[in-house]
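Visitor: Please construct the entire structure, taking both the sequences and the accompanying hints into account.
Chains as they are written, first to last, in the working numbering: chain U, 2 to 169; chain B, 2 to 344.
None of these hints come from the bench; they were simulated from the model. Just so you know, these numbers come straight off a predicted model, no measurement behind them. Using N, Cα and C, we set each Cβ at its ideal position, and we do this for glycine too.
Just a few of them, taken from the derived set where beta-carbon distance is under 7 angstroms, the chain U residues facing chain B:
hint, residue
1, Phe44
2, Lys49
3, Tyr128
Here are the simulated DSSO-like pairs of lysine-lysine, each with C-alpha atoms no more than 27 angstroms apart in a straight line:
hint, chain 1, residue 1, chain 2, residue 2
4, U, Lys7, U, Lys49
5, U, Lys49, U, Lys73
6, B, Lys17, U, Lys6
7, B, Lys8, U, Lys163
8, U, Lys153, B, Lys6
9, U, Lys73, B, Lys8
10, B, Lys17, U, Lys50
11, B, Lys17, U, Lys8
12, B, Lys343, B, Lys296
13, B, Lys292, B, Lys152
14, B, Lys6, U, Lys155
15, U, Lys73, B, Lys6
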Amino acid sequence: MSTNKKKQLFSEIYNENSDSILRLCYMYLKDTQLAQDATQETFLKAYKKLSSFRELSCINTWLTSIAINTCKNIIRKSNYKEKDISLEEVEYQLSYAMSDNDKTLAVSDAVTSLPQDYCEIILLRYYRDLPIKDIAKLLSLPQTTVNYRLLKAKSLLKDILKEDFFDE
Amino acid sequence: MSRFKDKINNELGYLKATGTAQDIINSTEHTNKVITFKRAVAMVATLVLVFIIIFIPSNNSKGSFVIIANAESVKSGATPDTNEVTGDILDTENFVEISDGDSNVLTYNFNYVLDENADPADIAKKYLFHNFSKEIDIAIKGDDIETVTYKINNANLVGFIIKDSEKNEMTISSAGISNSKNQTDFAMDYDDHKYTHFVFGPPKEINEDNESPNYKLLDTGELTTKTIVSNDPGDVVGIGVMDENTVVTKDEIEMLRKYAKNDDMVGFYNYQNQIFKRIIDSITLDITVTKTNGKTETQTLEFLYTPDILTEIIETDETNQNSPFFDCTATHSTGTLSAKIKK
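Guide: Structure (structure tokens):
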């Protein structure tokens, strides 16, 4: 790939995806500054790898996998450790927050409140529109496990938000 | 856009990426993180001709047509006797390095975990490759040729591109790869063919049960036909299909597993490279031209893969990933691919 073509292709990819990748990283890391760092690092890596990327039809999946792994690295390096909480506890906390009738819970808040595995699955499937098989490869999980986690995550979100935002 | 995505984008609409694409590009041009390794003496010895311009056919050429590798441009009507062909004309005596101009790296994908007890952070390094692909550029020149047929042996055709440098067009053509088909050949009209760039991978074992005792399988993708207009005739666009199978012996898997469990990644990549060499050195490519008078003529290419010897791994951010899916675009197993005409 010539340098000019690479730069042109990269600019298109960046312009189409930078904001949504940032929001994905934000929901993953729950921190604006870390999300900005992760986004920049994601696109740095993507630009470096662009010449050797061979499946141009899978840019979305490829970019998303870089972003997710960058976020995971940041989490590891910053010694950030998510509390090991049960689904019931999440549900309780969110329900408590919703008990005030004047409050409406943002969908993004509800998603980021989920345990990491469920948050990740929802974001990959419904925010980045990855097919199940790509999610399975990215997370090194069987497709049945991906389907199961999606079902659980959607069900939990529906209970919390009292509304189904998913079209499938 | 789905309701869910709509809601998220509305709620987080205040979040905008700082910087521009140009900022990222400028930033990478100042970055100098590389993985370096020493090259084997054998690899240096194998390199005979690299990017030289040849104006006359080699005395060791065979047949009535010439096979040109690394061709920068092949003009309509040009013959090897003129200086309108630039590239490396292959012969029966010397292995000539073939590259796609961009990298000598095999791209490969992972599936099977060799060390299930490994730290998830290291998992990416300890997967058995299930596919690799290599791109090569080949052009044919001769008189009175009607069609050209390529047939690959001991390998699987992943895809091909016909490049017309005069029109600055590349057509990515489907080779009809599917789960149930082991595609090994394709043909095209000589008039349509100016410069062919294609990708091959290891041989494919068709397995009805979709299971293997040595490795797990992935879904394969399918190629689609499309036309890309490029302003740069030197452009090469690679296409690939994540293949199902690869031919690796149980003993080879056990050796890779040992390296993985001992965390000896230098040994792992060097041994993996030897597996690539074993497979690639057995691959041949039959090129058959059909003349306008109906007669056919075949020349066969044979390949030589010379691995680079890795002596150390320098960790960079790019290698410190835990996803095999990301790592599928990079490899520490690199080397040089060469070809010559089989006598």
